[in-house]
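> Listed below, chain by chain, are the residues.
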Amino acid sequence: MRNTVERLDKPSTYAMSKYKKRRRGPNDDGTGTNRPPSPDLEEKLSSATTLYVGNLSFYTTEEQIHALFSKCGEIKRLVMGLDRFTKTPCGFCFVEYYTHADALDCLKYVGGTKLDERIIRCDLDEGFAEGRQYGRGKSGGQVRDEYREEYDPGRGGYGKKFKEGDAQGDGEFYSDLR
Amino acid sequence: MAEVDHRRQSGGHRHSGNFNHKRKRGREDDDFEHGHPRHRQRHQEPPPGTRIRRSLLEIAEDPLRLPHEVAQHVAKLTADNYEDEYVRDTFSTVALKLVVEQPFKIPYVAGVVLYANEHNADIAKDVVAKAGVHLQEQIDAGNWRDLKLMLRFFACLSQLYETDGILPILDELFNRAVDLQTASPEDTVGPELVKIILFTIPYLLAFGGDSSLRDAVSELLAKTDIVASAPNPLEPLVDPYPEVGSDEEKPMACASTISLLQRQLTDEAANGWPLKCIPRVYDPSLRTTAASGESAAVNGNGSTEPAKHMFPSINIPTPINPGPNPLFPEIYFSLYADQEIQSVPPTTSIEACLIRDVILDTINILDFNRNATARFLNEIDCFWAPDTFVKRATAFDKLRDASPDKPTWKPEDVTIDAIFSQIFQLPMPEHRLVYYHSLITESCKISPGAIAPSLGRAIRFLFRNVDFMDMELAYRFMDWFAHHLSNFEFRWKWAEWIPELGLSDLHPKKAFIIGILEKEIQLSFAKRVRDTLPTEYHALVPQSKENEVPNYKYNSDVTPYAEAGREVLHLLKKKAPETDIQAALNAVHEQARGHGVTDPLVPSTDIYMTAILSIGSKSLSHVLSTIDRCKERLLAVGSQSEMARRQIISSVVEFWAEHPGTAVNIVDKLLNYTIVTPMSVIQWALQDHIDRGRALANSQIYELISITMFKVTNRVRQVVRERNNMALPFEQRQQIDEALPRERQGMRDLFAAIEDAVAGIAAGAQDEMIERYDNGSSEENAIKTWGQRWARVWRRKAAVEEAVVGESAIGALEAAPTPEESAPMVEPEIDDMDQVA
Chain G
1 MRNTVERLDK PSTYAMSKYK KRRRGPNDDG TGTNRPPSPD LEEKLSSATT
51 LYVGNLSFYT TEEQIHALFS KCGEIKRLVM GLDRFTKTPC GFCFVEYYTH
101 ADALDCLKYV GGTKLDERII RCDLDEGFAE GRQYGRGKSG GQVRDEYREE
151 YDPGRGGYGK KFKEGDAQGD GEFYSDLR
Chain B
1 MAEVDHRRQS GGHRHSGNFN HKRKRGREDD DFEHGHPRHR QRHQEPPPGT
51 RIRRSLLEIA EDPLRLPHEV AQHVAKLTAD NYEDEYVRDT FSTVALKLVV
101 EQPFKIPYVA GVVLYANEHN ADIAKDVVAK AGVHLQEQID AGNWRDLKLM
151 LRFFACLSQL YETDGILPIL DELFNRAVDL QTASPEDTVG PELVKIILFT
201 IPYLLAFGGD SSLRDAVSEL LAKTDIVASA PNPLEPLVDP YPEVGSDEEK
251 PMACASTISL LQRQLTDEAA NGWPLKCIPR VYDPSLRTTA ASGESAAVNG
301 NGSTEPAKHM FPSINIPTPI NPGPNPLFPE IYFSLYADQE IQSVPPTTSI
351 EACLIRDVIL DTINILDFNR NATARFLNEI DCFWAPDTFV KRATAFDKLR
401 DASPDKPTWK PEDVTIDAIF SQIFQLPMPE HRLVYYHSLI TESCKISPGA
451 IAPSLGRAIR FLFRNVDFMD MELAYRFMDW FAHHLSNFEF RWKWAEWIPE
501 LGLSDLHPKK AFIIGILEKE IQLSFAKRVR DTLPTEYHAL VPQSKENEVP
551 NYKYNSDVTP YAEAGREVLH LLKKKAPETD IQAALNAVHE QARGHGVTDP
601 LVPSTDIYMT AILSIGSKSL SHVLSTIDRC KERLLAVGSQ SEMARRQIIS
651 SVVEFWAEHP GTAVNIVDKL LNYTIVTPMS VIQWALQDHI DRGRALANSQ
701 IYELISITMF KVTNRVRQVV RERNNMALPF EQRQQIDEAL PRERQGMRDL
751 FAAIEDAVAG IAAGAQDEMI ERYDNGSSEE NAIKTWGQRW ARVWRRKAAV
801 EEAVVGESAI GALEAAPTPE ESAPMVEPEI DDMDQVA
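Protein chains in written order, with full-length UniProt numbering: chain G, 1 to 178; chain B, 1 to 837.
So here's chain G without its partners, still in its complex pose:
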């Protein structure tokens, strides 16, 4: 028994499931569903210094993100999520701290609060890699914005309503599960 109330500084089930989906591959017959997450992911997350941040407005700037997230420690790197065609922000980013403890503080104290008047979502991330800054939806942005039926002025209005997202990629597993 570790604690008498749930901890907010754990990776979400999304972060874990994302990994499993990737591992399973297209020909999986489904027998692997009960497999516990691979130890190397858990290990990565247990020292992770990077956070995925979702549900940002397209108009939120690096400076605004900096102003909020530096309340949990000095920021080492900030990578904005971009529409892969227009190279404009598409509503997510990666924030990297110098220490794991800072990243956990951020999960505890900043995740679920507002930035630019939107409730933002934070999740532990195994670390940024080149290519992950781009949205993977057909339109170039995040998949969630293509299926969205309600109007969201901070995220480009109505969803683009493409029939199907193509390759599942970063940013998506987080974003479309809200």
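Incorrect hints may appear among the rest.
As the list claims (entries may be wrong) - Capping the alpha-carbon separation at 27 angstroms, the derived lysine-lysine pairs in BS3-like fashion look like this:
(1) G:Lys114 to B:Lys223
(2) B:Lys573 to G:Lys76
(3) B:Lys445 to G:Lys71
(4) B:Lys545 to G:Lys71
(5) G:Lys71 to B:Lys669
(6) G:Lys87 to B:Lys97
(7) G:Lys71 to B:Lys573
(8) B:Lys510 to G:Lys71
(9) G:Lys87 to B:Lys575
(10) B:Lys223 to G:Lys87
(11) G:Lys114 to B:Lys493
(12) B:Lys97 to G:Lys10
(13) G:Lys71 to B:Lys711
(14) B:Lys223 to B:Lys276
(15) G:Lys87 to B:Lys573
(16) B:Lys618 to G:Lys76
Everything labelled a hint here was simulated from the structure, so no lab data went into it.
Based on the hints, put chain B in the right spot on chain G.
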């Protein structure tokens, strides 16, 4: 944990196949909020272990059930199933975990144990034994809070013991405190021990209470007075309202918690220890004959009294482990206490300290779930004796009409007061300030209608007295307020501060308003912020702040070296070879010499740096990658000329004049690259650009110095940590130890430079001030006050660092442990929260 879960599941019913979805379960295993096994078959009651665990965890939370009935029920359920190994394990594990994580519930958990003891003596025996082991561990480790909570639990169980119980431990702790105090008047561990004693006494008397115990306690109280009432020499350092150049009375008493507590206990003793707020969950008169029969059987002596138990043997070492973190005196901070209407306990009553203590522990223990913490705070009235508080959400004005025998304490005021006491704790609260911000935010979300008015009164109190507040705390207030408003559509009754807009920018209230708006803009954007403000404020958020990309000053031919400026920008943009750039800069040097400029590197550096900033003006990432590309030249410039190095800072601050937060960020990164040095930042701000002292009223200047000094002090602390890290080879630690004096001296030089600059201003002795002001002008007085405020903050910070990394604080390098001693090394937990700006 793993086996416990397994037990719980298999004890419930047998799962077939992979019916139970492992992924979903994994997450919730540790968490009692959702304690139900998810796929339980319908209509089947969960196994007793699960029910006991849930009931214990939720004890006292339901205001509709009588606490003693709930306690009796859990006790009976436990006793009836105590032969089940899982039940035995769960009961003591959950009970003890609650003691150290949810101190609100200690009297309730103790109540369950006392009721259970009526049925089965083994239950209390097991719990006491386990708790004894835990208590000893906390003493050995110097974990003062856990020690306090464990002692409280033991105090609440006083009726269980055959012998003396905890009183001898309290006596022993007091002896250690005296030893420590005798050794050094600045000792802070002794007072901490006395505080623990004093916080234990009320629980001891509420649950023990015969007259001989009272006499013994009175004797102890008489002894603690000398430690508790003596002012600690460090106290003035942590005073939230130091009187700065004014004779006005303090906005609040600012007594130390320990001295208040001593006085309150003495008063309580004089009144026969009513201790009204402590819930008496266990009522021996409710004992059923059947229950006492069972217990008596176990007792074996035929009496109807429940079984008594041995008090575990506890050893208090000499000398006592001072604990992992440096301690400072604690001031009782209250925004609402001792005012005309008692919306919180007055500082003369024991309830003030008792309730505050439990709230603070809850807040600081449960930082890992602010939602749960906010929920507990919203329900504090459940955890204290009935009629301690008025009904939740009672309007403040209604308190006036309350009849004299009715309570007037507003639970919202009591909790908000406690959270603010952490935000305004010096030198630093336990967790990052943003945690306490988020706690206020969550509290507002849970019951906006009840919290908002309390918050409004708090803000007005703080604003009214911001002139007298310690400057670091005034900055925290500003930072919190801007952040808070950014979570609530920037709604505030700005109209009520319009009169303050007419004050000089040097007035602390005006400086405060300017600072908030700047912080709001950083979290949002200028137009949005302006739209939330009455027109009177609009001059503070000018149109020019909406310009996200500043102009390149060399585009105007009025600027000296305009042509060269444009050429360098062009060359940098097209990534021209360094030789071309050098040629362009050489031309500037030539021109500058012609104008008689003594250091031609200064104008050329202005051009070069401003061009970098312009290329990187789109975002922080852009400017960082440009700086990275140009870092060699920037580093070279600094090493050639100190004035050119400071010009780099000037260029940043000038370019981003409308967005000073961005300028601070960029300087922060330049420090990381060592393109600018901490000393150059301090001299730039506090000498070159001090503007005869006026700069001290600018919150961005304070922020700039703060982040600079944080970097330096953090580094020295890291060095000390490595030096003391027993996991490293001794030789390596020796090398670090040899490097430490240089690092520490560097830090001291910087503190000294700040002190020099601001002390001169505080005394009105700064050169430009002498030239400019006739003695006694109001502007001069205002500036002197800023000097005093700065001096106080930085003297404290210097003293705090000395308490952490100074020679006497760290002692001689400890030799490597012999192999048999070297238990697996645990990295010391990083805990530098007390120095963040």
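> Against this structure, judge whether each hint is valid.
Going down the list of hints, with the structure as the test:
1. In summary, the hint linking Lys114 (chain G) to Lys223 (chain B) is not supported, as the alpha carbons are separated by about 51 angstroms, beyond the 27 angstroms threshold.
2. With a C-alpha separation of about 25 angstroms, the suggested pairing of Lys573 (chain B) with Lys76 (chain G) holds against the 27 angstroms cut-off.
3. Pair hint Lys445 (chain B) plus Lys71 (chain G) holds up; C-alpha atoms about 21 angstroms apart against a cutoff of 27 angstroms.
4. Simply put, Lys545 (chain B) and Lys71 (chain G) have alpha-carbon atoms about 23 angstroms apart, close enough for the 27 angstroms limit, and the pair holds.
5. The hinted pair formed by Lys71 (chain G) and Lys669 (chain B) meets the criterion: a straight-line CA distance of about 16 angstroms does not exceed 27 angstroms.
6. The hinted pair formed by Lys87 (chain G) and Lys97 (chain B) fails the criterion: a straight-line CA distance of about 51 angstroms is larger than 27 angstroms.
7. At roughly 34 angstroms between alpha-carbon atoms, Lys71 (chain G) and Lys573 (chain B) are farther apart than 27 angstroms, so this suggested pair is violated.
8. With a C-alpha separation of about 24 angstroms, the suggested pairing of Lys510 (chain B) with Lys71 (chain G) holds against the 27 angstroms cut-off.
9. Simply put, Lys87 (chain G) and Lys575 (chain B) have alpha-carbon atoms about 22 angstroms apart, close enough for the 27 angstroms limit, and the pair holds.
10. As the CA atoms of Lys223 (chain B) and Lys87 (chain G) are separated by approximately 72 angstroms, the hinted pair breaks the 27 angstroms bound.
11. A hinted pair counts as satisfied when its Cα atoms are at most 27 angstroms apart, and Lys114 (chain G) with Lys493 (chain B) qualifies at roughly 21 angstroms.
12. The straight-line distance between the Cα atoms of Lys97 (chain B) and Lys10 (chain G) is roughly 20 angstroms, inside the 27 angstroms bound, and the hint therefore holds.
13. About 15 angstroms separates the Cα atoms of Lys71 (chain G) and Lys711 (chain B), which keeps this hinted pair within 27 angstroms; it holds.
14. Under the criterion of a C-alpha separation no larger than 27 angstroms, the hint pairing Lys223 (chain B) with Lys276 (chain B) is consistent with the structure, at around 25 angstroms.
15. Under the criterion of a C-alpha separation no larger than 27 angstroms, the hint pairing Lys87 (chain G) with Lys573 (chain B) is consistent with the structure, at around 20 angstroms.
16. Among the hinted pairs, Lys618 (chain B) with Lys76 (chain G) is consistent with the structure: their alpha-carbon atoms are about 19 angstroms apart, no more than 27 angstroms.
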